[in-house]
Structure formats: C-alpha cells, structure tokens
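K.L.:
Chain by chain, the residues run as shown.
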Amino acid sequence: MSYYGYFVAGAVLLVGVFGMARSRNLVHAVVCLSVSQAGTYVMLLSIGYQRHATAPVFGSTQKPSADVVDPVMQALCLTDIVVSATVTALLLALSLQIAKHHGTTDPDELTALRG
Amino acid sequence: MHFDDGVSQLAPVSLAVPIVACCLLLAIGRRASRGVTNGVAISGALAVAGTDVALYAASGSRVINWVGHWLPGRGHPVGIVLVVDRTGAGIALLAAVLMVLALVYSAKYFDTADAHYQCLMLLFLAGMNGFALTGDLFDMFVFFELMGAAAYALTGFKVEDRTSLQGALNFGIVNSLGAYLTLMGIGLLYARTSQLGLAQIGTALDHRSPDALVVVAFVLVMTGWLVKAAAVPFHFWLDDAHAAAPAPVCILFSGVMVELGLYGVLRVYWTCFAGTIPASDVRRTLLVIGAVTALVGAAMCLAQRHLKRLLAFSTIAHMGLFMCAAGTMDGTGVTGAAVYVVGHAGAKCALFLLAGILLNRYGSVDEVTLHGKARDAPVLGALFGLGTLALAGMPPFGSGLGKAVGEDALSSSGYWFGPVLFVAVSAITGGAALRAGGRMFLGLGPKPFEDEEQTTGDEEQPETAERITRLPASLVGPIVVLLAGCAALGLVPSAAHAIGSGVERLLDHGGYEAQVLRHVAPQPAPPPEDIDWSTTGVLLGLLSAALAVVTAIAGWYAEPIQRRAGAFLKPFQRCLAGLRALHSGHVGDYVAWLMVGVVVLTAIVGLPLR
Numbered sequence: 065m066s067y068y069g070y071f072v073a074g075a076v077l078l079v080g081v082f083g084m085a086r087s088r089n090l091v092h093a094v095v096c097l098s099v100s101q102a103g104t105y106v107m108l109l110s111i112g113y114q115r116h117a118t119a120p121v122f123g124s125t126q127k128p129s130a131d132v133v134d135p136v137m138q139a140l141c142l143t144d145i146v147v148s149a150t151v152t153a154l155l156l157a158l159s160l161q162i163a164k165h166h167g168t169t170d171p172d173e174l175t176a177l178r179g
Numbered sequence: 004m005h006f007d008d009g010v011s012q013l014a015p016v017s018l019a020v021p022i023v024a025c026c027l028l029l030a031i032g033r034r035a036s037r038g039v040t041n042g043v044a045i046s047g048a049l050a051v052a053g054t055d056v057a058l059y060a061a062s063g064s065r066v067i068n069w070v071g072h073w074l075p076g077r078g079h080p081v082g083i084v085l086v087v088d089r090t091g092a093g094i095a096l097l098a099a100v101l102m103v104l105a106l107v108y109s110a111k112y113f114d115t116a117d118a119h120y121q122c123l124m125l126l127f128l129a130g131m132n133g134f135a136l137t138g139d140l141f142d143m144f145v146f147f148e149l150m151g152a153a154a155y156a157l158t159g160f161k162v163e164d165r166t167s168l169q170g171a172l173n174f175g176i177v178n179s180l181g182a183y184l185t186l187m188g189i190g191l192l193y194a195r196t197s198q199l200g201l202a203q204i205g206t207a208l209d210h211r212s213p214d215a216l217v218v219v220a221f222v223l224v225m226t227g228w229l230v231k232a233a234a235v236p237f238h239f240w241l242d243d244a245h246a247a248a249p250a251p252v253c254i255l256f257s258g259v260m261v262e263l264g265l266y267g268v269l270r271v272y273w274t275c276f277a278g279t280i281p282a283s284d285v286r287r288t289l290l291v292i293g294a295v296t297a298l299v300g301a302a303m304c305l306a307q308r309h310l311k312r313l314l315a316f317s318t319i320a321h322m323g324l325f326m327c328a329a330g331t332m333d334g335t336g337v338t339g340a341a342v343y344v345v346g347h348a349g350a351k352c353a354l355f356l357l358a359g360i361l362l363n364r365y366g367s368v369d370e371v372t373l374h375g376k377a378r379d380a381p382v383l384g385a386l387f388g389l390g391t392l393a394l395a396g397m398p399p400f401g402s403g404l405g406k407a408v409g410e411d412a413l414s415s416s417g418y419w420f421g422p423v424l425f426v427a428v429s430a431i432t433g434g435a436a437l438r439a440g441g442r443m444f445l446g447l448g449p450k451p452f453e454d455e456e457q458t459t460g461d462e463e464q465p466e467t468a469e470r471i472t473r474l475p476a477s478l479v480g481p482i483v484v485l486l487a488g489c490a491a492l493g494l495v496p497s498a499a500h501a502i503g504s505g506v507e508r509l510l511d512h513g514g515y516e517a518q519v520l521r522h523v524a525p526q527p528a529p530p531p532e533d534i535d536w537s538t539t540g541v542l543l544g545l546l547s548a549a550l551a552v553v554t555a556i557a558g559w560y561a562e563p564i565q566r567r568a569g570a571f572l573k574p575f576q577r578c579l580a581g582l583r584a585l586h587s588g589h590v591g592d593y594v595a596w597l598m599v600g601v602v603v604l605t606a607i608v609g610l611p612l613r
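Residue numbers (the working numbering), protein chains in the order written: chain Z, 65 to 179; chain Y, 4 to 613.
Just so you know, these hints were derived from the structure itself, not from any lab.
In this text, all values refer to a predicted model and were calculated from it rather than measured experimentally.
Among the hints, erroneous ones may be present.
Below are the SDA-like pairs computed for lysine to any residue, each with C-alpha atoms no more than 20 Å apart in a straight line [what the hints assert, rightly or not]:
1. Z/K164 to Y/K161
2. Z/K164 to Y/E163
3. Z/K164 to Y/Q464
4. Y/K111 to Y/S46
5. Y/K111 to Y/V483
6. Y/K161 to Z/A153
7. Y/K161 to Z/T168
8. Z/K164 to Y/E462
One chain only, chain Y, in its complex shape (with noise of 0.2 Å):
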C-alpha cells in the first residue's frame, strides 16, 4: 500500500535524526574536539536535508506515514499522521540546507561552549522538520514550541550582551502567548469536532456554515502562526531578536522560520477551514494583513543604522509580500510565494552572514560607526553589493523571479496595487541595504550625525574568540553559496520549475482529506505552471533595482536633501518617527499588540461573514 512504503518511513527518521544527533552531542560534547563536534552537528544536518530531498523526490503525491501504524478506525480511535507534500518537504528542506550553511559558517564560533550551541541548532531544525511534515494540528503545536524553545535559547545564547537576552526574552514571551492562544484555539476545535488531525478536521467542518466558535476558534490558531510570520502587529519580537542572535541564526529566522509561519497560515486553512470559512475571506484578510506588513516593514527598514534590524525590518516588509502573494488564494501566487521564499532565503542569508562577519571583524554592525572602515574588503563589499540587489528583485536572481511571478497573480486577480507594492517595497528594502553597504565598503556620502534615540549597531559582542583579520573559507564559501543559489534559481528555469511544481496541492482541501483518511490515491498533478520570466516581470524587476540605487542615493545624502526641501518631508518624518516610538522593545507593549492584533482579525475574518 502506498502509505506503507519505505520512503514514508523517512518522515519519522527527518525528525529524529537531529534529535539523536543532539543526544549524541551532549553525552560527548566535554571531552570530543571542536572538530568532532563540528563533524557529528554538520552530519546530522546533512543526514537530514539528504531525508528531505528524498521526501521532496517522493512527494510529487503525497507521501503519508501513520506513526507506529496506528491508524484511525482499525480498532484505535486515534492516529498520529505525517503527510509530506511538495511544500511541506520543500520549506523543510530549505531548512535543513541553510542548518548545513550555518553550521558551516559557525564551525570557528563560540569556541567556549561544550557543544550546546550545535544542539539547540540541531534542536531548531527538528522544530522545523516536524512543523512543516505533520499532519496533526496539535502535533504543530508542539513542534512550533519546540523551535521556539530552541530559538529563544540561540537568540540569548550570547548572554553578556544586553541586546541579546533582551531581544530573547521579548521574543519568548511573546511567541508564547501567540503559542498558547493557538493551543486555545486548538481546544476549541477538539470540542468542535472530536479531531486532532488536520484531515479529520478538515472532514468534521465541511459544508457547515462558519458559526462563532469556528471563527473565534479560527482566529485564535492564526495567532500562533501570524506570530510567528511577524505579520503586523504581531511583528515586534522580529527585529528585537534578528538584531540580538547571532549572524548564523539570523539566517535560520529570517531564511525559513519565519516563512514557517505562512506556512502554517496556509496549511491549517487549506487542510481545516477551506470547506466552511471563504477563501474569499481570508483572502481579504491576507491582502490587507500582508499590505500593512510590507509598508510598515519598508517604512521601519529604512530607518534602522544598526545593519542587523535593518535587514530584519526588511524581512518584514518581504514577509507582508509573501502573504500578498499567498493571499491572492491560487495556485500562481502560492507558487511565486514559494519560489521568492528560497530566492529571498539566498540573498537575505547572504546579507546576514555578512554582517556577522563584519561584527567579528570590525567590532561593529553600525552603518554610521562604520563609514569607510570596511574599505580594506572588496571582496566583502562586492558580494555585499550583489545580495542587496538581489535582495531588491533584480534579474536573474530567483528573488526577482519570484517577485515577477507574485505580481503577475495579483496582477491577473485583478489587485492593480499588487505590483507597485512588490517593486516599492523591494526598493526601499534593498535600498535601504544599499545604502549601508555604501557607506561601510566605499564610504559613500557625508558621515551622517549621531541620533541618540536609535538603537546602534555598537553595543554586539563578537562572536568569534579572536578578531577575523583573513577571511576563511568557512566563512566566505556559505555566502558564495547563498547568492550563487539564488542566481541558479533564477537563471536556470528547471531549478524554479523543481520548486514551484506541485505546490498548487497545498490548496487541494478534498485530495488531501481523500488521501489521508480514505487512502485515496491523489489525481495526477496539475500540469505544471510556466515559471518563467515574462518581459513585465524583468522589466519590474529592473525597475526595482533602478529605485533600489536612488533610495541608496537619497540616503547617503540625506542630510542635504533635508536641507533643501525640509518642509515637505516633514509630515513623512513625523509619521515615521511615530512609527518608530511603537517599537519600544518595551515586551508589555508587544502583549498589548498582540491583544489588539487578535481583535482585528477577528473583526476582519468575522464581520464579513455575519
């Protein structure tokens, strides 16, 4: 039968790989080398994406696996299920190959610590292995807490810096709250509908109509998730903790974590609510959310001096793209989702393990400190450069590609908006990136003054025992691979047509409860979507780029433009001052946020639908 074959078995083994690996690395951490342990975390790592590329090969129909074989209506009554398809092994395997990355990159990092730094790493990708393959709702729960635990752990793991442990502990309390109002949510639907698993879920809602309870129900397992995407205005935690983790870290929140989140929007609405709640509905309700994200992500990006928030404010904005794209509810936008989700992952990590590297090198990740003082590493400075246009949408990166097929399903649902979203977003972001690579590698512009209201970049400790001085390959050789990736994506069209193909079934609500409950085989696949560029999309994409180089411009000289035409920018100022005063890291007003954010979307999801 096919959900008894071998490459099922693999789900489970993705999940404990990693989890035995970090047993193993604490019963030898005291005594191994540095090299061993650097070998067994990094081999676990690769166990793992090798278990994920088979999955992804076998997913083409989903591949479902009943653990232990306790399968719902042979005498048990319950069943715990993995159900691995195209997105879900996709986004897991995205995982596990920026883990590879990043332990690469931080094999000469904390040289202290008896291996803990590798398990909780090892700990995070299990978290994200088992969100991205299960098919039970709780089961998501427990996985998203257990990469948040993990998370929390590696955002503090640098414990003298202050920035750090506050930036931890804002980004635990309210990751959990959001955690705990799914686990609410959760409850609800139990008492609802008996179930556990998505399909059965799924199965027990179809064809009512959506009364108070699933509503509230709904919008309380959102909050978890939309937590977890930083979708406004739940996003605070993101910047504080992005700013505070180490650079290696950094890439896993910002490359995969985060886009977990949307993830997890998609899968429990498709799998749970598709047949009760309106696509249409939460259509709206992610065009407006994803509207908002990007516009205060963009405004908040390109205010930041510190280049770590900068380009987690950045990850915001491109977050609310994301679920613009997601939120048009078709197969186009949830494909151009996917594949500007691995090409943003390549030129954001890029930029990341940049900054990490300028941190141990120069003591500092302060645009402003920095001015002219990375002059001595072209080398840096032109990769830095490249990530930030990539990071901007310019072809043949695949983030541009991604950004090309996004704004054309917005454009072809009819939300005119959505292009001139995409392309200014992506131009204040990559050239608010732009700027600071300007600054730091050529000593563009006049040295900027000092603002004492602005969180610096001055106060992270290195993360390295020693200052870099040469640039080791271990360190060079993940960002090459980052951007030379992410231009493959773009470049070579069977590389996004290997991503983008199949991810349509991640809005098959009938096929996956078929398959899973009744042993349906699934129908065929759609025939694939043509993921190419078409001339709008590069010429958008060159466009972005083009207004990526003048954002850069007017920063670097900000402050003569000011001069000259003061009294027009002013009321743009106040605004984003304001804005600005909202991040307060202050974690009682992030709670208070999050709160309102609950009662807006339950207003939005639910008012509609009286």
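Isolated chain Z, as found in the complex (with noise of 0.2 Å):
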C-alpha cells in the first residue's frame, strides 16, 4: 500500500489553507479554498486506486470479473466537485459585491466588523 497519495493530499490542503490565511485578495482567498478542496479530491481517489486496475465500467471488452478502481470514491469525488463548483461561484459573487460595496478586496482593509 502506497501512502504517496495521502502525502500530496494533505500537502495540497495545507497550502490552500496557508494561502488563505496569508491572502491579501479576496479572490485568491476563494480560488484557495478551491486548492484545498483539491487535496480531498486528490484523497478521494487515491483511497480508491488500485495498481493495474482500469475504469469501473463494464462492457463487452470489459468482463465483471476484471479488477476496477473503486467507483464509490469517485461518485464521492463527483459530488465533491458539485459542492464545490456550487461554493466558489457563490463566494466568488460575494467577493464581486464586495469590491462594489467595500471598494477594496483586499481582507485587511475590511472593517465593517470587528470587536
């Protein structure tokens, strides 16, 4: 068993979140959270990998008793990039209205809230 996968996993989380909490752009700091969830993506699929496994998809050329990757972990990472396409649309169009409201999108100059 190859832990590779699980290394670049949680590497590929670690830098979204580093990159969020050091942004000074708002866009950046959404397009990170996407770089995050790119590291449970790249979780998702390496818990369902095999070695010399192909696609589960099962036909004529394909007979059921041949090894395939999981499919489970990739409906899994289907839904995970809906959620995720859903998320970063809408904080995209928050960070656009706070550039017209605020005049800025860098978080440092946010002020609206605090104490």
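The task is to assemble the complex, starting from two chains supplied on their own in separate frames and drawing on the hints.
P.N.:
Structure (structure tokens):
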C-alpha cells in the first residue's frame, strides 16, 4: 500500500490553508479554498485507486471479473466537485459585491465587523 | 417488516417537499403575487413540520428507511439509509417550526426579490432536515454543505449591506474549510472500513483499539461539526454571520443550525466511534471545549453594543453550556441539553425577531444609538424583557428547566464547576441583553461614550421597504408564539417530558447498529427520566435571573463604576480588549485559528490515548 497519495492530499490541503491565511485578495482566498478542496479530491481518488486496475465501466471489452478502481470513491469525488463549484461561485459572487460596496478586495481593509 | 412501513416513507418525503416547493417557487416566482409565493413557501414548511411530527411520534423506536429499497446484503453491497430517532426527528421538527415562524415573520420582507429568499429558506430547511435524519456519514457531509450554501447566500442576501457581505464571506470560507476537513476524515474512515453508513462504520470499528488513523479521522470529522457548533476556536464566523444576516434568518442560525453541529458530534461519536474511542476521552474533550466556549462567548457578549452581535455571542456561550451538558455522556446530560436547546430557541429567537423589528422601525440595532428611542413601544419592551429573563434561565421558562436538568447532570457526575458555570454564563448573557433592552426601551443609565473600535449597529440596512410604524400581527405573532412556547415548556410537565423522553437513545451504540443492520427490534424504551423542576433548579434559576439584573444595572452605570473601581477592573479590561482584538473580522485570521483548533483537538483527544 502506498502512502504517497495521502501525503500529496494533505500537502495540497495545507498549501490552500496557508494561502487563505496569508491572502491579500478575496478572489485569491476563494481560489485557495478550491485548492484546499483539491486536496480532498486527491485523497478520495487515492483511496479508491488500485494498481493495474481500470475504470469501473463494464461492457463487451471489460469482463465483470476484471480489477477496477473503487467507483464509490469516484462518485464521492464527483459530488465533491459539484459542491465545490457551487460554493466557489457563490463566494466569488460575494467577493464581487464586496469589491463594489467596500471598494477593496483586501481582507486587511475590510473593517465593517470587529470586536 | 418494520423498516418497510408507511411512516418510514415519510422520511424521504420530508426532504423532498421543501425542494419541490423551492422548484415551484422558482417556476412561478416572477409571475405570482407576493401572497401566492408566501403561501407556497409557508405551506411547504408546514408540510415538512407535519411529516416531522409524524416521524417524531413514530420514532420512539427508530424509523428506518433504506432509500429505494437498496438494502445492503441482498445482492447490493451498498445502500443509503435514513434513520430517524427521537433526537433526529426532534431537531428536524424544531427546524421546521422555526422555519414556519421565520417565513410568517418575513412575509412582508424583501419586496423586490422574485421569491429567491423563500427558495433559499426552503433549501436551507431541506439541508437541516437531511442532516438530522440521515444515517450515512457522506450524506451528512452533503446535507451539511447544502444547508451551508443556502445559509451563506441568506447571510449575504442584503447585497447593499457591507457588514452582510463580509459576514457571509467569512461564514462561507470558514464553514467550507471545516466541511472539507470533515470530508478528509470521511475518506480516511472509508479507507479503513470500506463503509460510509454510520452503523456499518461503527460495526467495523467496534472493539478495535484506537490507532492514529482512527483518532485523526475522528478529529477531522469532528472539526466540521464543531465549526458549525461554533466551539472556540472555531466560532469566529458565527458572530459575523449573525450580526449581518436578516433577523428571520438569524433565528434559524441561532435556534437550530448551530445546535445541529453539536447533534452531528454526538451522532457520529455514538454511532461510529463509541466502540473504539472511550467515552471518557470524548467527555473530557467536550467539557474542556464547552467550558472555554461558554466563558469566551459570555465575556464577548458583555462587550457588545450591536444588539444582534450581542445575541450571537450569547448563542456561542449557550452552545458551550449545551456541550458541557451533553459532554457528561449520560442520559440526563443529553436530555438536559435537548430541553435546553428547545427552551433557548424560544427565548433567543424571540429576541432576534425583536431586534429585527427595532431595525426596521428605528433604522439601527445599536443600543447606544437607540438609547431611550424605543420608549414609544412598551409592548416590544415588555416582550424583550421577558425574552432576556428567559435567556437568563428564570423559572418557569423552558430554558430554565433545561438549564436545571443540565446542572443536575453535571453535578451528579461530580463536576462541581457545572452549576457555577451555568449560573454565571446565563446571568452574564441574560444581563447583557437586559442592559441593552433597558437602555433602548426605558433610556436607563447615562448615555455611554462612543467607542470608535467597536462594531456599531448603525450600518445595517433595514429589511423592509418602508419603516414599520404600526406592528402587524405577522411580526408580533411569531415572537409571542416563541415566548409562549418557551414558557409552556417549563410550565407543562408533559411538554418537557415529550421532548426529553427517548433522547437517551442517541447514546445507544449497539442498539443502533443492531436495528439498522440486522433489523433487530429495539429494546423497549428505557423508563423516562423525571424531567421536572427540582428545588435546587428553581433556586439556581432565580439566582441567575437576579444576577442578570445586577449585571444589567452594572452595565447601565458602567462609567461611574469604572471611575470608582478603575484600578481593580483594569486587568479584566485588558483581557477583554485582547479577546476583542482576536475577533478581527479578518478571514485569514479565522482560517489560522481553525487550524490551531484542529491541532489542539488532536492533542486533547489523542494524547491521553497513547
């Protein structure tokens, strides 16, 4: 069993978190959130992965006895991507509105809420 | 067979109804009149409440529905299950009832939108219902994100409002990151067990010693739920989101959404991990986090002048108390927490709705700006006063009964600090709200100086097209219903009994697995706990109400007191200033705190298990 995929997943997640924590631009922060989420894709796919196995599609060329990767994890990954698209679109729309009404996209300059 | 009966079919119905109603609203929204869209939305929410009542009535033994009859083991290796027990059905019902009240209250809100507001509210309800009723860990994540996405959009609904945009963005980023960490944890659990159902994961993990992977998976899954539950240090989004969201949305946030986070923690621990991670470990974790959350929330609550932000911090403080009560990990504790959650929802939601009326009547929710301005509304003032006393846990309100049962659970488990914490936190949060109410409705105390650094309540945009001058029944009605419900919960023994009985089933690890996977009929319900006022409970409730009044008086005359006892108060003020500086409104800070929280949580859970 290879742990490589898990380390990559963790690293990608943390890179995204670091980007969000240090972000000077809201669009950048939202994209960093997507990067973090990309870590979860890597994680899910590497859990379902099998060496020398193919896509879980059975038909005339693929016998039901053949080794395939785990389709459940791929389904989760697809769901995850849908979630990501929704959340990213929503947050980008909010960033756009913030740029309009606050006149800035730098989180350091957003001062409407503190204390 | 019992898993095949008619009632169990209601579980998927209660998820489908709000989504169908939402689609209908999208289709007719542009053409239909305001009355029609309101009618569709409210009847959708009422239908959900109806199905939830039926589920609640039937959930004395669990109601189980394998969606589409895909049962595991009959040639299908997988299946998705809805498992409804008292706790799940109860919190789903609470969400539906609050949604009905919120929609009635907001019937005259947001005149310009084409029913988008009602749509988002119904999707939000579908997410909360699904989260409460599902028996599958991945579905919990999906419904968590559904309620999250709807909630972010609702927070930022007033796009002209600067605070609401910033609040929504902070809320969205922090909650989504929490959800992704949860998904990582779910992935790790699948890697270990090849299962996603709560009962299946639980069976696979039973009687194994908790190794590093299980602990990491546990911490990651819990992180998402604790972000939603606003546990310190994951709580920063909550005050920003509540301060900014429209008042009827706030009641769903404070009354039920945040509590669903704690529900997630308890549900996942007791179904998946109870056979491997010892309860004592989780008890310590919940008590530590709960106590810190309660204290931080109470201190920050006292320091606010923005009324909705003040109430938001009070929600954080009360979440801490619920965590402590449920953290005893015994039947009395969770029963107390359940009664307290319902009572708190009545009191807190009434106060939020009153804050909404103040905003739309006077154009501000700031207690300093509104000093003495609301003298012309004695009815609102009286309702506000009752709400604050209920928040402080005064008998006979249901919040006081829940508080009494929670205190009893903690002190009988040997945690002497429990009653002290409960009384102090209820008194401080109730007192802070009473201080704000006294200033606004009666003009008590001198008008305080302006403090530049604080979030004021002046920037909020009103939510109705015109200032409210008269008080229509659609605005006052829900407030009266909430307060009356809170009082009835404390006064009518059978009401508290109906809510509290059967909640212990939440802690039944083996019974859940047996019934879901092997169709073993559940043990007859354990003899119901005696949920009634004890003498100590009444006395402690009266004590915290009295202390709340003292806190409020101290707040009105804070400046003269400060002049006399400045040197003594200085260290406290320094601490409070430091704590307030941490609530910076900066999303990067919040993300950093979230990661700190993950590390701390890993240490509290993992180190004692070595």
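K.L.:
For each hint, tell me whether it holds in the structure or not.
P.N.:
Verification of the supplied hints:
1. Z/K164 to Y/K161: The hint holds at about 13 Å.
2. Z/K164 to Y/E163: The hint holds at about 9 Å.
3. Z/K164 to Y/Q464: holds, 16 Å
4. Y/K111 to Y/S46: holds, 16 Å
5. Y/K111 to Y/V483: Since the Cα atoms of Y/K111 and Y/V483 sit roughly 18 Å apart, the hinted pair holds (cutoff 20 Å).
6. Y/K161 to Z/A153: holds, 18 Å
7. Y/K161 to Z/T168: OK: Y/K161 and Z/T168 at ~18 Å, within 20 Å.
8. Z/K164 to Y/E462: holds, 16 Å
The earlier numbered hints are all upheld by this structure, with none contradicted.
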